[in-house]
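Peer 1: Could you build all of it, start to finish, from the sequences and the hints given here?
Below, each chain spelled out in residue letters.
2 protein chains.
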Amino acid sequence: MAQTLARTMPGVLELLPRDQIAFQRMLDIIERNYRLYGFLPIATPVMEFSDVLLTKSGGETERQVYFVQSTGALEKEGRPELALRFDLTVPLARYVAEHERELSFPFRRYQIQRVYRGERAQRGRFREFFQCDIDVIGRDQLSIRYDAEMPAVIHSVFRDLGIGPFTIQLNHRKLMRGFFEGLGIADSEQQMRVLREVDKLDKRGGDHVRDVLAGPEFGLSGEVVSRILDFVAVRSSSFEDAMQKLDALGDGSETFEQGRAELRQVLAMVRDLGVPEERFALNLSIARGLDYYTGMVYETTLDEHPDIGSICSGGRYDNLAGQYTRSHLPGVGISIGATRLFWQLREAGLISTADSSVQVLVTQMDETRMADYLALASELRAGGIATETVMEPGKLGRQFKHADRAGIRFVAVLGSEELARGTVTIKDMRRNDQFEVARDELVRTLRVELEQAAIMPVTRNG
Amino acid sequence: MAQTLARTMPGVLELLPRDQIAFQRMLDIIERNYRLYGFLPIATPVMEFSDVLLTKSGGETERQVYFVQSTGALEKEGRPELALRFDLTVPLARYVAEHERELSFPFRRYQIQRVYRGERAQRGRFREFFQCDIDVIGRDQLSIRYDAEMPAVIHSVFRDLGIGPFTIQLNHRKLMRGFFEGLGIADSEQQMRVLREVDKLDKRGGDHVRDVLAGPEFGLSGEVVSRILDFVAVRSSSFEDAMQKLDALGDGSETFEQGRAELRQVLAMVRDLGVPEERFALNLSIARGLDYYTGMVYETTLDEHPDIGSICSGGRYDNLAGQYTRSHLPGVGISIGATRLFWQLREAGLISTADSSVQVLVTQMDETRMADYLALASELRAGGIATETVMEPGKLGRQFKHADRAGIRFVAVLGSEELARGTVTIKDMRRNDQFEVARDELVRTLRVELEQAAIMPVTRNG
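Chains as they are written, first to last, in the working numbering: chain A, 1 to 462; chain B, 1 to 462.
Source of the hints: derived by calculation from the structure; they are not laboratory data.
Note that beta-carbon positions come from the ideal geometry of N, C-alpha and C, so glycine has one too.
All clues given are correct.
Pair by pair, the computed Cβ-Cβ distance ranges are:
#1 A/Gly322 x B/Leu16: 15 to 25 Å
#2 A/Asp199 x B/Val448: 49 to 59 Å
#3 A/Asp440 x B/Ala261: 30 to 40 Å
#4 B/Ala121 x A/Leu249: 54 to 64 Å
#5 B/Gly349 x A/Gly309: 46 to 56 Å
Peer 2: Take a look at the structure:
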């Protein structure tokens, strides 16, 4: 038979089973926390009608959309009718507009699905990747209190992921806008250009940025430049410090004061929600795209790995679905790009290959005793323990080796002595320990061991 | 702003949140059982290279493939380089061939992902649907014992789904092939045509099928036709009956005897694995595509809903990935088409909208007490209870109404009296019952109630 080289397209993260288990555990932790905070699941089709997906001009090239055509449609001329989603926000907007009358508002949804972008092939850039989003959508209005829940969810997720200390950084678009207006920079395009320059602080240094802002392109006075650089340098070190730094900003326009009041309220509520104060901070340099967000904005960074950048971002927006409905739908949400995050954490050694999802391997000592091995496996499964049975005869040493290589923690041996005594011998591959246990104590004993192991963080050495 | 009509493409099943919860519960039950039986998760990209996906000629038209092109590729001529998977078997073959050296065999994998087919738009036909597959892949050989695990997994899944009595029907391709060869119908094409006619028994009746097989198209003698119709009519009613009916088939060719011996072994092992005998039966009419399966074949039907057809099918095949590798990779597997199954079960009234995934709604009585409500919500979440907090002020009656409509079971009321006493008042919306509970007993009390509810089957009235 003529053969084709088995290969995957570049820009996808296809994993071996034990890495897949680790990745799914990450997704499970994210999903569990989204559910705990009262968000409801939705899932949308991977394809949308092109005209529905690409209502905003310029989006197509920018997003590097993948178009889809069935065998039949391919033979016809014209632009493809279907395209793959490039984020979960546009599908959410479409979903809410389409099902508006069947939903109750504020609508709290989570969505954990893959999205597609025809990115340039490059290390760490993905063409298929998971986004894990939550959003609360109001009709006509949405209390600022929902904005305070977002950092609480972020905190729960990253606490449970156990990937080291992190900081949720908060800012407010109105505070920023008001500040710039106070300096005479009222045009939002111009504000965006200034912020883009400011974003280069880490890479190019203060002197360079100062020169550019004071130079012919921007023409800002030295004093204005200094005030901008002072403003974006504001970081708080505690809750009280955040409040004091907000006070110390001095008076501002109505927009500015509105932003400041909301930031104060959110900070206080985040504390009331039990988020430790070392986990959230004011950071007045966070902007996140001037055109989309209109209120609170969030970024989250790992304290010991700032190079990874923001691992969870989001913010408040004014109107979710203006392209589909006349209803005014303000919202607030966050997103975790799980594929990239997993890849980065693995690169940084913060996450590693998991144990097998198989918890017990039932060995085969004597082929004629197969029925006993199957009965044992059934008992374990009835007790909720994931069990593999060795089906092909072979040396016991090889069976242990399989368990070891596969990352299966427990190996069950059921010899004639154990059968006579009504026991099972269990080898714990992790502890390199062995014990004999009464058959009717087996499930309980193993569950205790497995539950203890589950309390340990996801992160592992090696 | 000019508006676009928000709409989804036909042939997809997009659900409202409470239906999505019911659907995810179905997927979770399937996945939990796949894991319990020691299968490991993999996930493959939704897109494959077209040449890799479409190695088998004729597949393209037959499968109604969706081709994919990025914005850039669209402007170029020629056949698209990428296409969406139309099943999980070809991606599995590609995966195993690509990662062969990193996998250990027998390789046990489960995969629960969506697949895509450009089906004609029609009620109950889906263009995007979930397949939930397990397969065991051997290298060079694979014990028949693995074939016996499949009915055990099927049994666990459908027992846990709680959608009524079902029967796993077993047959063996070699038994069938040997039988036809014994009648002088040696050509597998001809066997397939006969079986296709036989498949019409239910719809067209025995006389019609008998006439066609004895007619000019097939030219079979009356005796041969009778033997065929007797053979395919064989159904067992118990384990012993299955064994007796296999014995009663009389002697056959080597192929026939091999099939019979394997069927006997599988039936005995299925029993040893604890599958109740009323849940599996011999059915010698099951064929499942002559070209692909080579040994055991399985179909599963709901006893009280035969019209739904097979809800889980599969079988043994000789070589998984001949198009990609010279390695000989025999396998056995089953597949559940979850999207169609969910849709059919809902149509049949066997599954309904779930309760909300939100378990408790914390009400708001007094806006100034927000910090107390947030603290209560945090306690509940720390106890693993999914909790929504009412953030906008409003009448208590409206808050209860929201819980009722959203399917949230418990509503927590924290008034000044409760705060003074260190208690919470809980309204159980399902039982229309109300009780006051000490704050430090709250999580435990609710968990007991929720765990009791979780034991109840998925199916619900109404």
